[in-house]
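Novice: The lines below spell out each chain.
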Amino acid sequence: MFGLTTPLYLVGLLSAAIPLLIHLSRSRKTRTLRFSTTRFLTDQFLRSYRMSRLKELLLLAARMALCALLAMTFAEPFFKGAPAEGDASQSRSVVIVLDDSASMLYRDADGGTLLSRAAREAAAVIKELKPSDSASIVLAGRRAGGPLAEYREPTTDRAAVENSLLSLADTANSADGLPEALGTDLPGSVLLADRMLKDRDEASHEIYVFSDLQRRGFSAPALAGESEASFDARVVFVPIRPTAPVSNLAITAVQYGAVRPMAGIPFSIRPHIRNDGAQPRSCTVSLHVRAAEGADDVDDEGYRKVAEQEVPEPIESGRWGVLTLHHTFNDGGWQSGYVAVDDERLTADNRRYFSFEVLEAVNVVAVNGSPSSIRRKDELFFLQAALSAGGSEVNPIEVRSVRVNAFQAAPLEDVRLVVMANVESLPEAAVAKLERFVDRGGSLLVFLGNQVQPAFYNKRLADPSLTRGGLLPATISGAVPQGQAADNATAATIGDFSADHPALAGFSTGETGTLGGITLSTYWKLDTATTRNTRVLMKTDGGDPLLCERNYGGGRVALFASSCDRDWTNFPVRPAFLPFVYRLVGHLAQSASGQQTDSVASGSNFFQTGQPLRQAVPVGGQAQRLRIVKPDRSTGVFSVSSDPTSREVAFSETGQPGVYRVEAPNTPQAGRSFAVNLEAGESDLVSIDTGEGDGDQLREILTWVGAERLAVIDDATQLGGQAGIGRGRARLWEILMWVVLCIALLEPALANWITSRHYLKPRGEPKTIAIPTGQVALGGDLNDLAVARTPDPNPTTSVEESETVASAP
Amino acid sequence: MATASPTQFKYLDPQALGRLKNLSLAARLVVEGFFAGMHKSPHRGFSVEFAEHREYTPGVDPRHIDWKVFGRRDKLYVKQYEEETSLRCYIVLDKSNSMSYGTVGGMSKLEYSSFLAASLAYLVAFQHDAVGLITLDDEVRDMVPPRQGPGHLRVLMDRLEAIEPGGETSLAESFHQLAETIKRRSVVIIISDLFDDPDAIVSGLKHFRHRKHDVIVFQTLDPDELSFPFDDVSRIEDMETGREITSDPRAFRNSYLEELGRFLDTLREGCLTSHIDYSVAETGTPFDQFLGAYLARRHQLM
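Chains A and B, in that order, are what the protein sequence lines are. Under our numbering, the residue at position 492 of the first sequence is numbered 492, and the numbers go up by one with no gaps. Under our numbering, the residue at position 239 of the second sequence is numbered 239, and the numbers go up by one with no gaps.
Don't take each hint at face value.
As the list claims (entries may be wrong) - Calculated pairs, SDA-like style, for lysine to any residue (alpha carbon to alpha carbon, straight line, at most 25 Å):
no.	chain 1	residue 1	chain 2	residue 2
1	A	LYS55	B	THR241
2	A	LYS55	B	ASN254
3	A	LYS198	A	GLU700
As the list claims (entries may be wrong) - Short derived list, chain A residues pointing at chain B, Cβ under 10 Å:
no.	residue
4	THR30
5	ARG39
6	SER52
7	GLU56
8	CYS283
9	THR284
10	SER286
11	VAL289
12	ARG290
As the list claims (entries may be wrong) - Pair ranges (Cβ atoms, derived):
no.	chain 1	residue 1	chain 2	residue 2	range
13	B	VAL140	A	TRP753	50 to 56 Å
14	B	THR181	A	ARG50	43 to 49 Å
15	A	GLN44	B	GLY106	32 to 38 Å
16	A	LEU745	B	ASP138	43 to 49 Å
Just so you know, these hints were derived from the structure itself, not from any lab. C-beta atoms are modelled at their ideal positions from N, C-alpha and C, and glycine is treated no differently.
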């Protein structure tokens, strides 16, 4: 099969048209002459001319071929032979692709791990190589930098390769620590192995893949563009399967009762246990929480078991079992832990880590824009009433009301949320204070009202030219609000709202009542066209935004288009107001840690292994100081994102599952932690369908390998028969280069031969024909007659005439 | 008294004459110019032969009354004489298509040849000799038998002016045919480009010689035909046969000139061995100048 290494150079084929164009442009200038006779252009001449035309065409063809072949040479064509009969005597270059993902740590019936077995079988393949053969190892685990090659180029030091495989087999069996990579990227590894072999001179290029062939291991999406033409090694898959029926339990997901637990309140944790084994199994699930320094009964990582529960009935094969554990966090601050299931065969997927910030109390500062001595007329009356429902003993939310002019002096250190209710405008210093507060992780909730000055809000709080585009998620359009407060007519009711938002989800299910019956007599029309990343959470029945939200630095800002008292709406006296306000305030207060939306779930602290942790940098903050402690207690540093406008740092060394703690004293991030868990798919030990020796599904996924170069050998002892089957590519461009060279050398000779015959020769002095002068000779008798007739009467005239003739040109 | 010098004809260049479009005038200008200042022609070789008697009518010169007949018949008769010429001259003009080629001053070879023929006719008539005209291409097209007198000359001029080019050159056969047709010994002046098989032409000319005719050949050729100065021509169409040849211009030229040289050599040598007066009339040369030079040379030889 022919292929091109760099087909882009085929564009150069167009250069073949250049000689043709020159030739045609010369031929175009034909001029036809009507001439008296063509009798002097003989057939012989025409024959020789046709020959010369033929030679010219030959020259043209040579020149075109020269250009075209040169372009072809640059495109580097090659010939890929079909896999030949095994010939172990020819030179070989072998790459071992070893799947070192978590699933390979499954302990087989004999107690050894699959990885250990794979490494030993791979070592046996290396042992078979001849001294001149070369070998390398690629570890197929999913890593941030792609699959890992032990040797950049295949090496002839077979002993080193073999030893490295054997030592890997030993460490895999001991299984003290997990390998760094926990996902699998088999296609990427095979491709890397092929790239490594591409420039090898050995006759046979072979790739041996030792893997449990987990279905999950083939899900890497980045290889869609690969084509069969560029691939030319022989790939032998050696499935490493458990010898006995599989038995594995895994916690694949955990549901938590709330985004953020409150201190002193029981918190529910619901782990999902999946049985990936062949038999139904029962099991015990335990909850472990990080213990204080020096506490008793802690494990190696510093966690203490706080709860344990057995699954009520055995989980069927391929099914989930769910149970609920409860734990009450007594202290506030960042808490972490894990849920574990007891399973010996594959330990890597037995734990799911978590990390929360437990809230002790939420302090809210409410800026009152329209205070009144009559309590019911006070702007904040309904809000305060709703938030303090149940009394301060069970309610962690504490609202402190301040006037507009007192806000500047109000301390915000322990405050999670600032509420602005019908505030006319704020002084410049107060705005700056508010911006700093939200940027560093606080949240802001804005209710509008009749006091509001749209000009101030639009210019100072929501202008695109401001830092991060201003605080507000929307601008206020129009100088007067929609509807009139005076006539109490209904201007709007509540229309669509975002059902998946934590603050509003209850209204879609009916759990917290409905939003029906709520009417708005007046509201400000909001415009989200110029603001960035705004989420419209609630709309009026007319489609106008009613509640908008956006992130600002480390915090969030929400904007409600109407008032929080009864002036403009009947919402405060409806039953839905209490859960609405409570959840909205709780949501805003809990989200203060500033997670970016591209995390696993918005606002959560949960990541998968290999996924980078992201953290917004406060304006004026120092990104370099954010050090992070990994689960194995080694440390790393957040690195600044390459995009300077994003103002965020990222940490990508998240290969280990566990809890990562930020170590940044004296910053709001101090003590913050992230939970990183194994990709759930690794627990699924079901291997890909390799067909009955055909590798059906395998070939479907790896189309770019080519069906005839792919083999699946279940019995590792048969691998010797595969030796020498893979055939490397034959480089055609070297031959082409010689052809080009030959033509290039011949071309001047050919050109010279043609032009010297047909062009150079006539270029001498133009040949002219001597005009034959009239040879005057009359016939014999006529001469006599003439003489007789003219006896030269006047000799003088004759002389003169002859002179005249002589002088005539 | 000096003979005519070529500078005297400077106003009679072919282009100027061509513009006259009047052959008789042109010919007269040429010939009289040529003879201007010479002694009057001696009019030798003229004899007066009795033709017949005619009844006398008043007004006729009484010198010609035949008194002997009056004595016998008692009636007045006058003698009629037939003027006899010593020279019969045929001008054979080739009017084939190839003769219509011409580049000098827009004048074709045929026009040049016509002027030449007209001048020669005038010249012969001027000497009171009989002159006839034959035009031919692939066969004899028109034949005016030689006569004497100004009226006949006018007929010839009219015929010459009326010639339209056409047909292929196939001279050799026509020559044989003519040689058989012309019974009396004559001077045959052939004006043609002779673009035919040279050996066949020479054989045709020899036939004239065999019949004791005096043969003069003027081969009219355009300067282009002699030098082939075209460097940018890549296709040539034959005016007679329509044959088209495509080639490289430089390859054309070399081959053409070689073949042309061979052709002219064959003709010249053939004419020389048969005592045929052969001249190439290049149309670039003013024909009065050519004619003057030719006549002078011929005269010198005589």
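Novice: Against each hint, give a clear statement of whether it holds in the structure.
Specialist: Verification of the hints:
1. A:LYS55 - B:THR241: This hinted pair is violated, its Cα atoms lying about 30 Å apart.
2. A:LYS55 - B:ASN254: Holds, at roughly 19 Å.
3. A:LYS198 - A:GLU700: 23 Å, holds
4. THR30: 4 Å, holds
5. ARG39: Hint holds; A:ARG39 Cβ to chain B Cβ min 6 Å, cut 10 Å.
6. SER52: Nearest chain B Cβ about 7 Å off; hint holds.
7. GLU56: 9 Å, holds
8. CYS283: 96 Å, violated
9. THR284: 100 Å, violated
10. SER286: Violated. Min distance 99 Å.
11. VAL289: 99 Å, violated
12. ARG290: Violated - the Cβ of A:ARG290 stays beyond 10 Å from chain B, reaching only about 96 Å at its closest.
13. B:VAL140 - A:TRP753: 50 to 56 Å: 52 Å, holds
14. B:THR181 - A:ARG50: 43 to 49 Å: Holds - the Cβ-Cβ distance for B:THR181 and A:ARG50, about 45 Å, lies within 43 to 49 Å.
15. A:GLN44 - B:GLY106: 32 to 38 Å: 35 Å, holds
16. A:LEU745 - B:ASP138: 43 to 49 Å: The hint (43 to 49 Å, Cβ to Cβ) is violated, given that A:LEU745 and B:ASP138 are roughly 57 Å apart.
Going down the numbered hints, you'll see the structure goes against 1, 8, 9, 10, 11, 12, 16, while the others check out.
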